[in-house]
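Protein chains in written order, with the numbering used here: chain Y, 1 to 284; chain S, 285 to 448; chain U, 449 to 1256.
Since the hints were made in silico from the structure, they are not lab data.
By construction, the Cβ of each residue, glycine as well, lies at the ideal position given by its N, Cα and C atoms.
It cannot be assumed that every hint is accurate.
Straight-line Cα separation of at most 27 Å, DSS-like style, residue types lysine-lysine; simulated pairs [said to hold, decoys possible]:
1) 187/Y <-> 298/S
2) 1037/U <-> 242/Y
3) 918/U <-> 896/U
Just so you have them, the derived chain S footprint on chain U, three or more residues with Cβ under 8 Å [as the list claims (entries may be wrong)]:
4) 512-519
5) 973-984
Partial selection, computed: residues in chain U whose CB lies under 7 Å from chain Y [claimed, not checked]:
6) 491
7) 571
8) 1123
9) 1184
10) 1188
11) 1246
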Amino acid sequence: MIPAAFEYYRPKDMDKVLSILEEHGDDARVMAGGHSLIPMMKLRMADVPHLIDLQDVGGMSEIEIGADTIKIGALVTQSDIIDHAALADVAPILREASLQIADPQVRYMGTLGGNIANGDPGNDMPGLMQCLDATFTVVGQDGERAIPARDFYEAAYVTAREDGEVLTAVTIPRPKGGHAYEKQKRKIGDYATAAASVQIVNDGGKCVSAAIAMTNLSDTPVFSKTAGDALVGTSVDDAALKAAVAAMLGDIDPTEDNRGPVAFKNHVAGVILRRAIARAWSRA
Amino acid sequence: MSKKKHVTLNVNGKTEEFLAEPRELLIYTLRERLNITGPHIGCETSHCGACTVTIDGKSVKSCTMFAVQAEGAEITTIEGIGGPDNLHPLQEAFKEHHGLQCGYCTPGMITRATKLLEEIPNPTEAEIRFGMAGNLCRCTGYQNIVKSIQAAAAQMSAAKEAAE
Amino acid sequence: MKDEITREERVDNLKGMGCSRKRVEDARFTQGKGNYVDDIKLDGMLFGDFVRSPYAHARVKSINKDTALKVPGVLAVLTADDLRPLGLHWMPTLAGDKQMVLADGKVLFQGQEVAFVVAEDRYAAADGIEAVEVEYEELPVLVNPFEALKSDVVLREDLVAEDGSIPAGAHGPRKHHNHIFTWEAGDKDPTEEVIANAEVVAEESMYYHRTHPCPLETCGCVASMDKVNGKLTLWGTFQAPHAIRTVVSLISGIEEHNIRVVSPDIGGGFGNKVGAYPGYVCSVVASIVTGKPVKWIEDRMDNLMTTAFARDYHMTGKISATKEGKITGLQCHVTADHGGFDACADPTKFPAGFMNICTGSYDIPTAFLEVDGVYTNKAPGGVSYRCSFRVTEAVYFIERMIEVLAIKLNMDAAELRRINFIKKEQFPYKAALGWEYDSGDYHTAWDKALKTVDYDGLRAEQAQRVKDFKAGKTRKLMGIGLSFFTEIVGAGPVKNCDILGLGMFDSCEIRIHPTGSAIARLGTISQGQGHATTFAQILASEIGLPADSITIEEGDTDTAPYGLGTYGSRSTPVAGAATAMAGRKIRAKAQMIAAYLLEVHDNDVEFDVDRFAVKGAPEKFKTMKEIAFAAYNQAIPGLEPGLEAVSYYDPPNMTYPFGAYVCVMDIDVDTGVPEIRRFYALDDCGTRINPMIIEGQVHGGLTEALAVALGQEIAYDDMGNVKTGTLMDFFLPTAWEVPNYETDFTVTPSPHHPIGAKGVGESPHVGGVPCFSNAVQDAFRPFGNTHTNMPHDHWRIWRTANELGLHD
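Can you make the complete structure from the sequences, with help from the hints?
In structure tokens, the structure reads:
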């Protein structure tokens, strides 16, 4: 498996990145760890005449934990997230989810930005970011803009990021309450058959807020507001769980693939969500 | 044909400089340009780990990296881990505990294990199985690989304690 | 002369049979110094790669190579038209059929080889492939063998006569243009009669899905034609290098002495590397055309899509018994999907391999087997993936039929097996479908297995689990998988086993060096089994020189004696026997030398571990090391100098390893996720040469069995597209999904093998697949499940639960 020939750029600053993107338009793509893009190039399913390697562009590898928000640079890897003790304290769901992505080698190379910006419905971080109500910072020739994760995904590999823009950082409100990232997969290294991100707040036995997003059950990640709402005001009892699952099932739209037919995926999505809610609630 | 790039790598302690097409995958640089044939190609889609090398302290699947990306990097392959006169405890342990059969996954397996034992010097069985899950083996069923890594960890810990 | 060391120490020093000698191969492998085919680098070496068909069935209307030839670095593009003048556009298969080397007017499966691009490096070859323009006209696709047998669509026009009639094939008459053969074993009428009149009959249909051996190293070769010396050297991933040499000679016309085939280190085979593939032929042609060495290495997608699938058997069975559970008859019909060409790797007389071992470990008086081979638009192959020719299919069939019968009889499946086992005193046992089992002690093995796992306790736990499940206390079911298998390996006796007319003997040649070390060469080739370690152990015990002083060499046809290679667990039964017999020839000559040196009659000395000693006077002896030196420096009357021997061993029978496996599994009914709690494997492979290596083989074979049973498949869509072309979708478990196995053994030597060994590498796969599958099926048995097809991946397990009404 040999990719087609391409020109390689390794700019040292974002201005240069943007000018190459401007010059080559659709023919240029940025790359962080490359672990989604390079296999696609080798299979010749992605044609990238101009490849821009972001690794020398500074300022995208930091994890900043503020009083209310957490800012994570786009080049932070999954293994950086796993190893960051302070981050695991304030947003443990990031570590829990990262450990379920791919395998150790891939986590060393795979970045948060790449996982998010690629728009692959199989990636785990997009749904998680929607659950956490993250905001993505993208920069283009016209400067920076912020796009809510919940508005970012339009279709498989189609996002609100314009061709000339680069995703540079993710800002997450410090999560509150209990969390869970629950994922069913066939083996390590596989995408999810179904995965659920849940962040839930318990106030005196009542759920006061709940955010739920599902992964690989539609052509985009699915933030299910109605599923979260179904839990709010309840004691997260069986009826509430049923209501949340029913609401979520109304929002997802899985397709048949080697992981199974639609009926199976819907069923597993429900089971996984129930388990995620139960675990998150037990931690809330 | 795209423009060739100048690449400098430090591989197993030796500086290597060459001109390469950007699409040259690091695994081919090592295997064909530098004749370092320990790392192997198994799947080409970053699932099997036969091509695992250590790059600037990270375990990396070298079939999923272009040589130009590794510009300036320090790379260690199985050949840099230990040789006839200075076998690494993992190399000894794999021999001792039948941690290999056809040998094709072994260089990647051992290379990854050196890093795993840096991350977790005394791993549990579950930590080994989880930490080695990026390396596929078709022959051993992993049981003796786990055993080999446990044995090397014990040996390395004992050696470290003795040195302290 | 007095010994410094005890006899026991002398035995230990040899590192002979029975000890867990560490592997001699491992020094190079652990240091990255293996030498696999893709490590070979020759001056001026070119790279070849294939343009492959995106369609499963299409006419090839035109191939335009002009653009490709303009790609920098591309030197040649070969098509069927280029090979036709050489007669190499088709090649013979191992199954008596022929196969296109490059598409000759049409393609019959997705990924089929259409053109071969030869370039200066692999990058240029890849670019050249993109630039070859092929015009296809799509044809109707047949991926289901039952439909293929009814369809008007002709897949193989070359096998239909001009008048439209269907000429007979290599294995007899054909019923339909997409039919390949019908093969029968046993007695049809008596079996049908027994079943018709039986007290109890259980019936089941099952599909053993298509899968692939998928060794971590793909197939590949380097062909180098030396035009000066007229000699062709072919390095490659060959499980049978000598057979490849003969095939290359027959199809190329190059005399066999001018062909040297070398199998270097092989990164796993599992049957994938037995066959001859278009890549080998094209590399040879390209090297002849260009005068340069040409390398061809499959990528993983090529490997999964085109070389050597396994299984794909649709099996229907009937098993009859008395009310008490004594089996009276067995009938089996197989519809075998062979893909576009019949390229099964089986001995010539056995187009369905040894499927007729499907009476298993049971004393079944009457049986009948019928197999229909069918062409479809899938890749050719049908290799024995870690098994002897179709034995996995046979064992899966009978071990499922036993379970189905147990359900029908409402009887415990372990007990049903026990009352039907062939008894120890019945061996050698002539089975209803023709084979003569050499030895066995099934009851002892079974009782040991059941006792070790506390079978009764497990059943009690399972009953409680069912109660808890019904009471809503748990959503996990428990399955107890049982299997008792008998393999038939070590093909085989020349009287009934050949491949392309080559008898399936094997060979060993030994040279003892003057200083008492040795080299032995064999006709086999290790792909990870550790031959360099274990064959030296056999010799150490036979000739009394330390294993550490014996080099084992395989795989170079210029130096190794002719043999049929390594697959079907034949190395130990056949080449292992040749090794022992060659060793005994050495020993016989050594005895004469010793007698001469000790100045006694030949019959007055006896072999003792590492020496010959005078009978009744053990202090008078000559060590084998001394004898070796004497062979080279003494003029011994009546004896030639030197100490060498060669043995070509034609086994009198197959060997019949057996084993008893138990798997305990928990199954999450809601997600379909299985969790293997325990796996116990008792193997009886006869005499044990190296327990460490046996155990390693068992671990590996069980893991490949786990993969096949729980998810590993080559799946096609209706258009004949392969849906499982990368390791994302083709299931190879990681360390995380694999349990720890408990291994155990009994020893029932083979009575006809010189050292009593039977072979073990494939047993765990053969016995493991039904064991894992039976565990899944058993979990659902209390809820009415009789049979459900593999692979038991999450969604199919979920579907079983769903169909049984176990979800809300």
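Now for the hints, and whether the structure bears them out:
{"no.": "1", "hint": "187/Y <-> 298/S", "verdict": "violated, 38 Å"}
{"no.": "2", "hint": "1037/U <-> 242/Y", "verdict": "violated, 84 Å"}
{"no.": "3", "hint": "918/U <-> 896/U", "verdict": "violated, 33 Å"}
{"no.": "4", "hint": "512-519", "verdict": "violated (count 0)"}
{"no.": "5", "hint": "973-984", "verdict": "holds (count 4)"}
{"no.": "6", "hint": "491", "verdict": "violated, 22 Å"}
{"no.": "7", "hint": "571", "verdict": "holds, 5 Å"}
{"no.": "8", "hint": "1123", "verdict": "violated, 13 Å"}
{"no.": "9", "hint": "1184", "verdict": "holds, 5 Å"}
{"no.": "10", "hint": "1188", "verdict": "violated, 17 Å"}
{"no.": "11", "hint": "1246", "verdict": "holds, 5 Å"}
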